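Use the sequences and the hints to build the structure in full.
There are 2 protein chains.
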Amino acid sequence: MHAGVDLGGTKIQVAIVDRDHNVRGTDRRLTPTVGTPDDVADTIAASVEAAAKDAGITLDDICAAGVGSPGQIDLNAGTVSNAGNLPGWKTATYALGPQLSKRLGGIPVSIGNDVQVAVDAEVHLGAGRPYKSLLGVFLGTGVGGGVVFGDELWVGRGAAGEIGHTVVEAKGGAPCPCGRSGCLEAYAGRSAMEIQARKWHEAGKKTKLFKIMEEKGKTRLASGVWDKALKKNDKMAKKLIDRAVWASGEAIGSAVNLLDVDAVVIGGGLGIRLGQPLADRITEAMKPRLIKPNDAPPVLVAELGDLGGAIGASLLVSHLDERVGQKTPGAARNPQGTTKPIKGHH
Amino acid sequence: MHAGVDLGGTKIQVAIVDRDHNVRGTDRRLTPTVGTPDDVADTIAASVEAAAKDAGITLDDICAAGVGSPGQIDLNAGTVSNAGNLPGWKTATYALGPQLSKRLGGIPVSIGNDVQVAVDAEVHLGAGRPYKSLLGVFLGTGVGGGVVFGDELWVGRGAAGEIGHTVVEAKGGAPCPCGRSGCLEAYAGRSAMEIQARKWHEAGKKTKLFKIMEEKGKTRLASGVWDKALKKNDKMAKKLIDRAVWASGEAIGSAVNLLDVDAVVIGGGLGIRLGQPLADRITEAMKPRLIKPNDAPPVLVAELGDLGGAIGASLLVSHLDERVGQKTPGAARNPQGTTKPIKGHH
Chain A
0 MHAGVDLGGT KIQVAIVDRD HNVRGTDRRL TPTVGTPDDV ADTIAASVEA
50 AAKDAGITLD DICAAGVGSP GQIDLNAGTV SNAGNLPGWK TATYALGPQL
100 SKRLGGIPVS IGNDVQVAVD AEVHLGAGRP YKSLLGVFLG TGVGGGVVFG
150 DELWVGRGAA GEIGHTVVEA KGGAPCPCGR SGCLEAYAGR SAMEIQARKW
200 HEAGKKTKLF KIMEEKGKTR LASGVWDKAL KKNDKMAKKL IDRAVWASGE
250 AIGSAVNLLD VDAVVIGGGL GIRLGQPLAD RITEAMKPRL IKPNDAPPVL
300 VAELGDLGGA IGASLLVSHL DERVGQKTPG AARNPQGTTK PIKGHH
Chain B
0 MHAGVDLGGT KIQVAIVDRD HNVRGTDRRL TPTVGTPDDV ADTIAASVEA
50 AAKDAGITLD DICAAGVGSP GQIDLNAGTV SNAGNLPGWK TATYALGPQL
100 SKRLGGIPVS IGNDVQVAVD AEVHLGAGRP YKSLLGVFLG TGVGGGVVFG
150 DELWVGRGAA GEIGHTVVEA KGGAPCPCGR SGCLEAYAGR SAMEIQARKW
200 HEAGKKTKLF KIMEEKGKTR LASGVWDKAL KKNDKMAKKL IDRAVWASGE
250 AIGSAVNLLD VDAVVIGGGL GIRLGQPLAD RITEAMKPRL IKPNDAPPVL
300 VAELGDLGGA IGASLLVSHL DERVGQKTPG AARNPQGTTK PIKGHH
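Protein chains in written order, with numbering that gives the first Met the number 0: chain A, 0 to 345; chain B, 0 to 345.
Since the hints were derived computationally from the structure, they do not count as laboratory data.
Please note that a few of the clues may not be correct.
Stated by the list, open to error - Each computed DSS-like pair below joins lysine-lysine, with the alpha-carbon atoms no more than 25 Å apart:
| no. | chain 1 | residue 1 | chain 2 | residue 2 |
| --- | --- | --- | --- | --- |
| 1 | B | K170 | A | K237 |
| 2 | A | K170 | B | K291 |
| 3 | A | K170 | B | K234 |
| 4 | A | K286 | B | K89 |
| 5 | A | K170 | B | K131 |
| 6 | A | K238 | B | K170 |
| 7 | A | K131 | B | K131 |
Keep in mind the model is a prediction, meaning the values are calculated, not measured.
As structure tokens, this is what we get:
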């Protein structure tokens with residue numbers, strides 16, 4: 000068995016996965032919001048143990064673990080740097096791989112980028128299965144992504160896939176949480192959309208968004224809040240989602256012109272919640288930008304849902320197995336090519 | 000020996016290349032501006048024969064030919080469709096590969112995209128040699144490009160590399176010759192730049208551009224005209240080149256965020272003419288858009304110059320050799336990996 004860990008700013012999701020990629024047990028808990036990276040590693044280890052128990056096994060039965068993490072990843076060293084949403088990690092570099100390995104009885108631990116591994120899971124096990132090349136666009140708090148060419152995740156020098164920070168409006172574009180302006184994320188990231196909604200709301204514009212948020216007991220405009228506001232025909236919600244669709248069409252259309260991929264997969268909290276109708280709107284929005292509008296690639300919704308990140312992280316391990324000497328040869332020989340899911344420098 | 004053909008709207012450039020990729024003979028002649036695709040095929044065949052003579056060989060000594068062509072290419076069928084700059088070809092589909100083969104004694108002929116093959120030549124034999132992944136951006140009449148991942152040209156579903164039609168300004172952007180607006184080519188393609196210069200000139204703005212053009216006996220603002228106007232400190236030329244640099248920085252910076260490539264190679268008539276100083280300006284212009292500004296990939300100038308397209312077309316043939324049974328086994332076994340220079344669906 001392998002453990003896959005999806006490390007997010009809000010929650011840690013663990014899946015225990017067998018060699019055929021079936022999920023055998025899970026655990027989900029809140030990410031510590033105070034403390035140090037060591038506390039995060041402790042929490043992950045406890046979550047892996049709980050997930051093992053859920054699967055009816057013990058830590059001893061787990062051969063390896065993969066972690067999908069935010070921040071900047073050094074794939075070889077297993078370090079994570081500048082993970083701004085994690086406690087004590089904003090400017091730190093932390094050896095999450097080795098530290099977690101120590102806490103899990105010395106098993107090999109591989110670290111990858113959170114969105115990249117989720118895209119990898121979609122191409123090997125999810126909506127991207129029929130395709131050999133893919134652009135994954137994950138609409139969540141921010142906008143992340145991943146690119147797959149010839150069935151292999153392309154990581155470049157480690158950070159490929161950042162479609163959220165490709166330009167849509169270079170001049171006079173909306174402010175982006177990254178500090179730049181006019182990026183896709185400035186229009187289609189939930190965080191940027193919430194900032195804009197709050198501004199308009201404070202300026203006296205009417206919206207049901209914040210009332211729905213309170214009713215749902217949330218402090219943020221979560222994906223479900225947007226969904227409900229749209230269903231109630233809230234004008235401001237509609238306007239901000241329209242803007243997100245427009246910007247997604249421009250950025251994804253541009254990326255399709257550059258890469259001519261077989262398919263686009265939309266994921267992330269907001270993407271999964273709004274589903275195929277959103278994907279269909281993005282298809283229409285990208286066509287005017289495409290040089291081959293009559294040959295637009297299909298835009299699909301990620302299939303693996305909330306567990307996609309954890310399952311994708313477990314795929315890091317098949318790859319690791321190769322390097323550490325086929326500890327679990329079965330998993331390293333599946334027909335879908337996960338023996339070498341990642342390409343680039345590492 | 001192989002023949003490589005760079006088929007352009009203005010000229011046909013042929014290079015006769017040996018198995019070590021040395022150019023042994025060349026021919027260059029004007030592309031027919033009237034007539035049919037058959038006339039273009041006749042002219043190419045005559046040019047190949049002349050280049051063979053220049054190399055001290057005959058047509059019988061040429062084992063295969065590759066053609067880098069504008070328009071939409073079907074790599075398997077060897078057809079070229081919608082090549083708007085070629086006579087009688089705007090809406091036609093023409094079997095250039097088979098037709099040229101017939102005119103060259105039945106040797107195999109492979110057709111590729113003109114800019115893609117030039118980028119392929121740069122990564123295997125030119126400025127991109129030290130790198131495994133590359134973004135090629137060719138600034139010419141239009142703006143074309145190509146992407147290389149893990150030493151292999153990525154063609155996607157045939158048309159990958161079109162960075163000229165990635166968005167810079169989605170709203171209120173400059174008009175692009177493609178009919179859309181705000182594309183990179185709308186700012187950095189010589190054709191779009193000339194249209195803007197003529198508009199400003201007709202509106203009474205001063206410039207030396209058109210005087211220099213006439214002095215050089217040209218009817219278009221060729222790359223040398225822009226170069227000379229810049230050297231004479233012409234304000235309008237400076238402004239339009241500044242704009243091209245700015246837009247290139249935005250579009251290339253976005254592509255680097257998405258693909259995290261090892262290097263960027265600037266080519267094309269204008270790119271090669273303005274050279275490394277232009278490339279250095281593009282580096283500075285892209286940094287504000289990069290999510291890793293301190294780890295910007297080097298921006299280099301294409302090394303193979305005017306012959307790059309023809310040499311790149313000859314590389315199509317190494318690939319073809321594999322399919323037709325190692326007709327020239329030496330060329331198919333060079334250490335730089337040109338045995339499989341192209342990846343995607345074909």
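Checklist entry - Which of the listed hints are broken here? => result 5
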